[in-house]
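For the sequence shown, the working numbering gives the first residue as 1, with consecutive numbering after it.
No lab work stands behind these hints: they were computed from the structure. There is no bait here: all hints are sound.
Below, simulated SDA-like cross-link-like pairs (lysine to any residue); rule was C-alpha separation at most 20 Å, straight line:
| id | residue 1 | residue 2 |
| --- | --- | --- |
| 1 | K834 | A768 |
| 2 | K834 | L668 |
| 3 | K68 | P115 |
Only a predicted model underlies this, so the values are computations on that prediction, with no experimental measurement involved.
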Amino acid sequence: MSRLLPACLAICQAAAMPWTTTVLQTFTKPGANPTAPLVRGADGGLYGTSSSGGAAGVGTLFRVESGKVLTIHHFGAAGGSAPAAGMVVGGDGALYGTTDGGGAGGFGAVFRFDPATGTLATLFNFAGGNGSVPAELAWHGDGNFYGVTRAGGANGHGTLFKLTPGGTLTTLHSFTGTDGSDPCGPLEFAGGSFYGVCRSGGSSSLGTAFRITPGGTFTPLFSFSGNAGAHPGANPAAGLRLHSSGVLVGTTEYGGSAGFGTAFKLTTAAVPVHGVLHHFADPTGSQPAGRLVEGADANLYGTCAAGGTAGFGVLFRLTPGGIHTPLHQFSGNDGAVPRAGLVEDAGGLFHGTTSAGGPGQLGVAFTLSSGGAFAVEAVLSPGSGFLPSGAPVADGTGRWLFPLARGGDLGGGTIAAIDPDTGELTSHALDPAIGDTPDGALSSLNGVFYGICARGGLFDRGSAFVYDPLSGPAALADFDTAGGSLAEGPLVPLTGALFGMAREGGSSVRGTLYRLSTTGSRLRVLSFTGTTGSTPGRDPRGPLVLAPNQSLYGTTALGGSSNLGVVFKINALGAYTQLASFTSTGPNSPGGGLVLAADGMIYGSCRSGGDSGAGALIRIDPATDQWETAASFDPASSEEPLGPLLASDEGFIFGLTAGGAVFRFHPLLGLEIVADTGAAGAAEDESALAHTGGLALLPDRSLLCTLPAGGPGGGGQVVRIVPPAPRTAWKLAQLGDAQAPDTGDPDGDSLPNLVEYALGLDPAVPDALPAAALVSGALEVTLARDPARTDVAVSVEATSDLEGPWETLASTSSGLPYTGPGYVSGDAATPSLKAVRIRDTLSPPSAPRRFLRLRVDP
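Whole structure, please, built from the sequences with the hints as guidance.
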């Protein structure tokens, strides 16, 4: 490790002995916006896909079970992305599905999922010329799959294909536009042929109906004619269904007499006959987008993506004769925009999903009876939350509090409490009416916790809340644009109030600094003015720091003369002073606020610049208000420090990088990477708002770390990072061998390594034990004690006879001060190095012979 003087610069490098990382909690970034119908697997499970969300943001495969949505697989570009169509059970009992995009060529893929093993594999990758954007497959009795691609093919309008279970594809037809374009899946088999519809193309470009044999003989049937005409309806969004009466039934999303869609029937005669069953109207449901399903009562059941009382969609029943009955109208809270069809279980209950609504607008899974009894079966928003968005804070009971920006039972995020010893986690959900998207660590003032939400509240511009670890969050203040919006914690206590910053809003719409009373009254202290003006800066980043001079110090990510950020000070009278305006020739773009170190200096981080352009740590002296670069990051080991810094009482500064590396800096020891968490230290939510995690120092000197993204579930992690045992690190640094034996004596001074370590001696230079001396008529010895050396025990013992018995005068273990019946001076429960004097309890007049000895135990 590089050594340096306080005024020198250091280049970051990896630690010689990385710290040990243990994952305490992993959060799942859920799927979002399911547009495909659920399917009952051969194992009886209810499975579905989401077209977005998940670890890579491109969709998931999930199972609905025991009132929860359990993510089974996260899609990625290589294996296919955006699974928007339904799955089908194949002849082998596996589930087969498609993705709109991704795959080897980026044109979509067919995948196979085995519920028995939980494994998913790509069966076929489309290449564009043979089709792209595949829709839901149909399994045929001949042992093959038949399907459509909505685009690609010879003419760019989509294809019809056959696919063997082994992955061999045969193109049966390429649409021309005239005979249809953008075909919908799945195909439906009836009377020896497959029947289907196209969303567009045909004589009016409103879609078509067609028939094709398994051998590839294609027959166009008719073109949809819009609001009226021979075949009313336009733009079907789902495939046809064969009714038990022998006719095919389907829907169009638009067209019909009101323009809000139709339900129709189609015979399978040589010249099929088309007839409209129902013209949809907005008040009772519009835009039927899902495939109809026949219930046990022979009625048809379906979904409308819009319309109804609230405009969020409707579930309906339609008799074979065309009598339409709305069964449930979505309100938004119970789901919205159901674009997928329903599936009926053996008990006659229908299951479905909505593509929006519910907590966090992620969608819900629901049940519906034929009589119209509706219930939310599960929500996609995970109850514990995801995307940790602030550093942990001790709650005083051994647990640590931190926010999660998204998820929760109410969709507004959560405040979680974790036990760092067991990993046990509990959480309270945030109601968006109180606040949405908690961001930044909680703060404590007079025993009360306060937090910040970036969004939500009365004006949807963020809020402040009070948090009780037992009862959860309660509203404190609703933010508006004038006072500052998109706020970020933590708040800083000062003179009985709390100070914070908002990234947007204010008189110049470039962010604000504000004062918040404990009763919820907010006063704007200043508005940042961007690149010029009286208070330069834009997009301020917390936390602020209260220096001993009673001034607040802070940074902004943008603004200043080069629009690369500033460092500023607000004195006790409220006067603003710009201390630094960053440029491209030095550190720039602060991304994590400031921290007050044990030496009285203020430290901050910059995402860019520095000696290697990979970011830097800066140091501000509040006595002079001068700043300098303290250390630069090396892109070979890590780069882009982000998020709040942590100062320890030993003088170390800890922080995170965007890539999830944990670094440590000391003015005398330089900058080093102590751990790579393998997760992400920063992440954006679905609205591109950036969140950072943070660190806390536990009593045993290990670190508790929150990470906003990454991990197997993609939703972030909480990890505990434990430094190497002090003796192990000492051996590596002093002897070059972390496993050097305690009994070794490389310098030949008869003092084994364990004794040299305990007394702070140099194992490479011959030493002698500290000598005892007569002080005030009694034997006394002075020993060095380093409180950081917690893995050694030292005792000073005395006797009047070398054969014993020996009595302990004073002893220390676990880095604690010396205690015992002897006279002890110069020791205290503080972290600095000590020179401890230990004196015998007996003096020579009362004991003519006295001996002292030193005992050292690992």
